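S.K.: So the chains spell out like this:
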Amino acid sequence: MSFLTPLFLLGFLAVGLPVLFHLIRRTTRERKTFSSLMFLLPSPPRLTQRSRIEHLLLLLLRCLAICCLAFGFARPFLKEAMAPPADSNGKRILLLVDASASMRRANLWPDALAKVDSILRKTTPGDQVALFTFDRQLNPLFGFDQWTGAPVGERAALLARKLAETSPGWGSTQLGNALIQAAEMLAEAGGKTPSQRGRVELITDLQEGSHLEQLQGYEWPKGIEVAIDVLKPRAASNASLQLVSDSDDSDTKSAATVRVRVTNTAGAKREQFKIGWARSDKSGFVGKPIEVYVPAGQSRILALPADPAESLDRILLQGDEEEFDNVIFAIPPATLRLNVIYVGADSETDPKRPLYFLKRAFQETRHQVVGVTAHHSGELLPAPEVQASSLFVLTAALSPESTGAMRDQATAGKTVLVAVSAIDMQQTLRGLLQTDNLKLDEVRPSNYAMLGDLDFRHPIFASFADPRFSDFTKIHFWKYYRLDPTALTGARVLAHFDSGDPALIEIPTGKGRILVLTSGWQPECSQLALSSKFVPMMYSILESSGVPAPLPVQYKVGDVVPLAAFAKSEQLAMTMQFPDGSQCPLGRDETNFTRTDIPGIYALSTPSRQFVVNLDPSESRTAPLPVDELERLGVPVLQKPTDAPLQDAERKRRFQNVELENRQKLWRWFIAGTLVVLLFETWLAGRTARRALEPVSMSAG
Amino acid sequence: MNIRNLELRARVVVEGFWNGIHRSPYHGFSAEFTEYRQYTPDDDPRYLDWKVFARSDRFFVKKFEDETNLRCYLLSDHSRSMDYGSLGYTKAAYASTLAATLAYFLYLQGDAIGLLTFDEQIREYLPARHRTGHLRHLMLALEKPAAGQATDVGAPLKRIVEIVRKRGLIVLISDFLAPLDRLEQNLSALAACGHEVLVVQVLDPAELSFDFKDAAMFQDVESGRVLFIDPRSARREYLRKLEEHREGLRATCQKLGISWQGLATNRPLELALFDFLRERMQQRSKSQRFARPRHMTGKATA
Numbered sequence: 000m001s002f003l004t005p006l007f008l009l010g011f012l013a014v015g016l017p018v019l020f021h022l023i024r025r026t027t028r029e030r031k032t033f034s035s036l037m038f039l040l041p042s043p044p045r046l047t048q049r050s051r052i053e054h055l056l057l058l059l060l061r062c063l064a065i066c067c068l069a070f071g072f073a074r075p076f077l078k079e080a081m082a083p084p085a086d087s088n089g090k091r092i093l094l095l096v097d098a099s100a101s102m103r104r105a106n107l108w109p110d111a112l113a114k115v116d117s118i119l120r121k122t123t124p125g126d127q128v129a130l131f132t133f134d135r136q137l138n139p140l141f142g143f144d145q146w147t148g149a150p151v152g153e154r155a156a157l158l159a160r161k162l163a164e165t166s167p168g169w170g171s172t173q174l175g176n177a178l179i180q181a182a183e184m185l186a187e188a189g190g191k192t193p194s195q196r197g198r199v200e201l202i203t204d205l206q207e208g209s210h211l212e213q214l215q216g217y218e219w220p221k222g223i224e225v226a227i228d229v230l231k232p233r234a235a236s237n238a239s240l241q242l243v244s245d246s247d248d249s250d251t252k253s254a255a256t257v258r259v260r261v262t263n264t265a266g267a268k269r270e271q272f273k274i275g276w277a278r279s280d281k282s283g284f285v286g287k288p289i290e291v292y293v294p295a296g297q298s299r300i301l302a303l304p305a306d307p308a309e310s311l312d313r314i315l316l317q318g319d320e321e322e323f324d325n326v327i328f329a330i331p332p333a334t335l336r337l338n339v340i341y342v343g344a345d346s347e348t349d350p351k352r353p354l355y356f357l358k359r360a361f362q363e364t365r366h367q368v369v370g371v372t373a374h375h376s377g378e379l380l381p382a383p384e385v386q387a388s389s390l391f392v393l394t395a396a397l398s399p400e401s402t403g404a405m406r407d408q409a410t411a412g413k414t415v416l417v418a419v420s421a422i423d424m425q426q427t428l429r430g431l432l433q434t435d436n437l438k439l440d441e442v443r444p445s446n447y448a449m450l451g452d453l454d455f456r457h458p459i460f461a462s463f464a465d466p467r468f469s470d471f472t473k474i475h476f477w478k479y480y481r482l483d484p485t486a487l488t489g490a491r492v493l494a495h496f497d498s499g500d501p502a503l504i505e506i507p508t509g510k511g512r513i514l515v516l517t518s519g520w521q522p523e524c525s526q527l528a529l530s531s532k533f534v535p536m537m538y539s540i541l542e543s544s545g546v547p548a549p550l551p552v553q554y555k556v557g558d559v560v561p562l563a564a565f566a567k568s569e570q571l572a573m574t575m576q577f578p579d580g581s582q583c584p585l586g587r588d589e590t591n592f593t594r595t596d597i598p599g600i601y602a603l604s605t606p607s608r609q610f611v612v613n614l615d616p617s618e619s620r621t622a623p624l625p626v627d628e629l630e631r632l633g634v635p636v637l638q639k640p641t642d643a644p645l646q647d648a649e650r651k652r653r654f655q656n657v658e659l660e661n662r663q664k665l666w667r668w669f670i671a672g673t674l675v676v677l678l679f680e681t682w683l684a685g686r687t688a689r690r691a692l693e694p695v696s697m698s699a700g
Numbered sequence: 000m001n002i003r004n005l006e007l008r009a010r011v012v013v014e015g016f017w018n019g020i021h022r023s024p025y026h027g028f029s030a031e032f033t034e035y036r037q038y039t040p041d042d043d044p045r046y047l048d049w050k051v052f053a054r055s056d057r058f059f060v061k062k063f064e065d066e067t068n069l070r071c072y073l074l075s076d077h078s079r080s081m082d083y084g085s086l087g088y089t090k091a092a093y094a095s096t097l098a099a100t101l102a103y104f105l106y107l108q109g110d111a112i113g114l115l116t117f118d119e120q121i122r123e124y125l126p127a128r129h130r131t132g133h134l135r136h137l138m139l140a141l142e143k144p145a146a147g148q149a150t151d152v153g154a155p156l157k158r159i160v161e162i163v164r165k166r167g168l169i170v171l172i173s174d175f176l177a178p179l180d181r182l183e184q185n186l187s188a189l190a191a192c193g194h195e196v197l198v199v200q201v202l203d204p205a206e207l208s209f210d211f212k213d214a215a216m217f218q219d220v221e222s223g224r225v226l227f228i229d230p231r232s233a234r235r236e237y238l239r240k241l242e243e244h245r246e247g248l249r250a251t252c253q254k255l256g257i258s259w260q261g262l263a264t265n266r267p268l269e270l271a272l273f274d275f276l277r278e279r280m281q282q283r284s285k286s287q288r289f290a291r292p293r294h295m296t297g298k299a300t301a
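Residue numbers (numbering that gives the first Met the number 0), protein chains in the order written: chain W, 0 to 700; chain V, 0 to 301.
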């Protein structure tokens with residue numbers, strides 16, 4: 000039995016009053032007349048010394064009346080009769096725990112575990128709970144089916160154990176994605192009735208770097224609410240490092256440096272940091288670190304000189320409060336060395352000849368070095384050089400042997416660019432293209448010729464497809480050689496002159512191809528070499544000739560690394576070495592490497608290549624994001640102030656008690672019982688008093 | 000006190016008293032010669048002693064005792080406080096018997112007896128006389144029950160001072176259970192008039208000892224006020240206050256040269272009468288002012 004107003008039970012103490020009154024000597028009935036009371040003072044009433052209680056039944060009745068009255072006022076009700084009809088079906092709760100890198104901060108993960116525990120304690124046997132963690136993607140740990148399949152008493156423990164076995168990773172916080180997936184999961188599992196869909200309990204640090212952009216435009220399913228438990232970090236300030244990539248035209252002559260951006264969070268108390276190269280054994284800085292002052296909320300970029308003699312691969316930041324993002328990994332990108340073989344009859348120092356311009360078109364950058372090797376048309380090309388080259392440029396007629404060798408290279412998969420600059424190249428073209436119908440006619444337009452019709456879908460011109468760059472009319476051609484492309488099998492005209500004659504023809508040859516430019520780029524033939532289109536066009540030709548593009552070596556945690564960029568599929572099986580030293584063989588059919596779960600240096604064997612995986616810079620933006628941001632994006636956030644759940648629960652329980660008591664109204668019975676007892680007591684007291692008075696009246700008479 | 004008739008009761012007491020002292024009151028007469036005085040003009044010529052004139056040829060006036068031997072006023076308290084008694088009779092009955100006894104005793108001597116009963120005011124007043132039937136009237140007045148709500152001794156005393164011009168004997172019988180604020184003033188006025196005053200305080204033995212056992216609601220018979228009294232705790236204080244009250248009364252009387260006699264109702268009336276006479280004798284010996292009842296003392300002691 001419970002009581003709505005249990006304080007009234009203190010009325011039981013009043014039971015002592017009848018006992019006290021019984022023990023006080025009753026003398027009022029005995030009267031004595033006296034001559035004068037002028038010498039007398041009233042005596043105070045005092046307890047009788049008799050320990051025996053007279054009229055025990057009367058005393059018990061009075062005590063019983065007081066007890067009944069106290070019971071009635073305490074408003075009793077029977078709790079076992081209460082049945083919670085609303086909660087009988089239970090709720091579906093999807094626990095969504097942030098396991099991103101920012102949760103590695105000092106107290107956040109234990110706090111998250113405690114939050115989950117507190118939520119689990121509040122669940123009823125009818126509830127269904129599932130546990131998911133998320134960083135870049137949603138990871139199911141304990142599904143609804145596992146919950147329902149487990150014994151009732153062990154569900155919470157199993158779920159908590161699952162969560163205790165995991166720990167925050169290094170991934171970025173894709174909160175928007177996680178929320179959408181969780182909501183869809185609940186919406187699918189919950190059926191059509193919105194009220195049965197359930198609730199997402201989001202436990203996160205809700206940092207600024209949480210990616211919410213996916214929520215924009217997403218229509219949140221009805222009936223699913225999100226209760227957010229925002230975890231508060233002990234330290235609010237954090238500084239982070241981020242690699243800043245070099246531009247391709249960086250000066251190769253200057254000392255090698257690595258540029259890093261140091262960002263300090265707004266409101267940070269510390270603003271002085273040390274940055275320098277560090278060893279992998281965490282023994283501190285190598286050499287003297289750079290001291291940098293970064294005010295709160297700002298960032299600085301500084302260049303760290305890289306010493307090629309030292310094999311340093313990580314940069315350390317010291318001086319902030321959070322350690323999880325204080326190391327970034329950096330390795331110098333591998334320089335791609337390419338070779339182009341030029342076969343002509345000119346000198347590279349002659350500014351009127353094509354080689355002069357070709358040499359200057361391919362500039363050396365930090366990522367790519369293109370070497371142009373010039374050979375005379377009568378020279379025999381060295382085999383290793385031919386093997387290493389993927390582009391051959393012809394500007395002069397070749398001997399029939401050399402022509403055959405050149406065609407073999409094209410057939411083997413390489414690209415041969417023939418710039419027709421003289422009529423005597425007709426024989427060479429016939430040999431290369433293995434056709435006898437080819438005929439060159441020199442055309443000298445009265446004024447000049449222009450490129451009129453270009454195929455921008457072709458990789459060579461694709462980079463010019465933008466209307467800003469697609470104007471080739473400023474390039475004037477003084478002379479070109481007309482040939483009939485229909486005589487060439489599979490030939491594709493990539494560019495026409497305004498006269499309709501082909502300017503650039505691609506003829507597939509075996510695995511490779513032959514490109515025929517019907518004019519030269521030297522000033523004698525055209526303005527092509529002097530135009531801004533020449534260099535990109537030559538690079539496009541080089542890249543489209545099968546040259547591997549410069550490999551990116553910087554990835555973020557969770558990025559997909561395309562293996563095709565490292566090796567051809569037909570090569571031998573590769574092995575990936577992880578930053579922690581473990582190795583994993585990669586299958587031949589694997590085209591992408593996805594297990595970039597931890598930051599560090601990944602090494603790929605055969606071919607021996609390295610790339611680094613760093614923390615997503617957005618994870619370092621640890622300033623708290625207001626919950627309103629989620630509401631603005633349409634997420635129905637259930638506000639959970641610190642004490643509100645307890646107060647709500649208490650209010651609800653009180654309300655239920657009031658309802659129950661109103662239904663039962665047991666107090667009426669107690670009040671009725673009190674009246675009955677009092678009536679009986681009155682009768683009994685009257686009877687006792689009459690009996691007591693009888694001898695008195697007799698004596699008086 | 001078992002004799003219901005007050006007159007008979009008084010007669011029994013007085014006759015027993017006389018028997019005890021072996022003297023008969025049935026002798027003599029109080030109209031006796033006291034002195035000769037030379038005649039002065041305006042003297043009543045009836046009182047000239049012609050025999051002396053005949054012998055000495057001088058006029059002498061013959062002075063006699065007053066016509067009446069004694070004028071005695073009995074002042075009896077008839078308030079309700081006198082209606083209390085723990086011995087089967089009340090203080091009022093005892094006081095009435097005492098007054099009747101004195102009246103009868105004096106009547107037998109031929110003295111004039113007057114009566115004044117009072118409570119908070121004067122109830123009955125009989126002037127002092129000595130005639131046939133007067134005693135009976137007096138007995139009837141004494142037999143009236145006590146009905147007063149309070150005791151005011153001052154009022155009858157004041158009234159006596161006004162009424163009684165001639166000196167006489169004033170016997171004041173009361174329990175004096177009232178404040179004594181103005182008692183001294185009234186008694187002193189009475190004494191100043193030359194009256195011989197005798198104060199008799201009548202109290203019940205229960206009042207004197209307060210030996211009740213159980214606590215009870217005690218009701219004041221005069222005012223009806225009810226108090227819860229536990230005698231065991233209240234006795235000491237009661238006795239102290241009562242003694243203070245009596246002492247105050249006695250001191251007042253002593254101060255004014257008035258006889259005070261305290262009587263408990265369990266004391267036999269004969270002894271009370273004896274005490275009365277003894278007190279009077281002592282009083283007479285102390286003060287020569289009151290030499291008048293010569294006949295009484297002379298006969299009583301004779």
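Fair warning: there could be bad hints in the mix.
Pair ranges (Cβ atoms, derived) [claimed, not checked]:
(1) W:W682 - V:E142: 30 to 36 Å
(2) V:G261 - W:H54: 43 to 49 Å
(3) W:R653 - V:R224: 54 to 60 Å
(4) W:E29 - V:G261: 26 to 32 Å
(5) W:N661 - V:G223: 27 to 33 Å
No wet-lab data here; the hints were simulated from the structure.
For clarity, every value in this text was computed on a predicted model and none was experimentally measured.
Glycine residues also receive a C-beta, built at the ideal position from the N, C-alpha and C atoms.
S.K.: To test your reading of the hints: which numbers does this structure violate?
M.R.: Violated: hints 1, 5.
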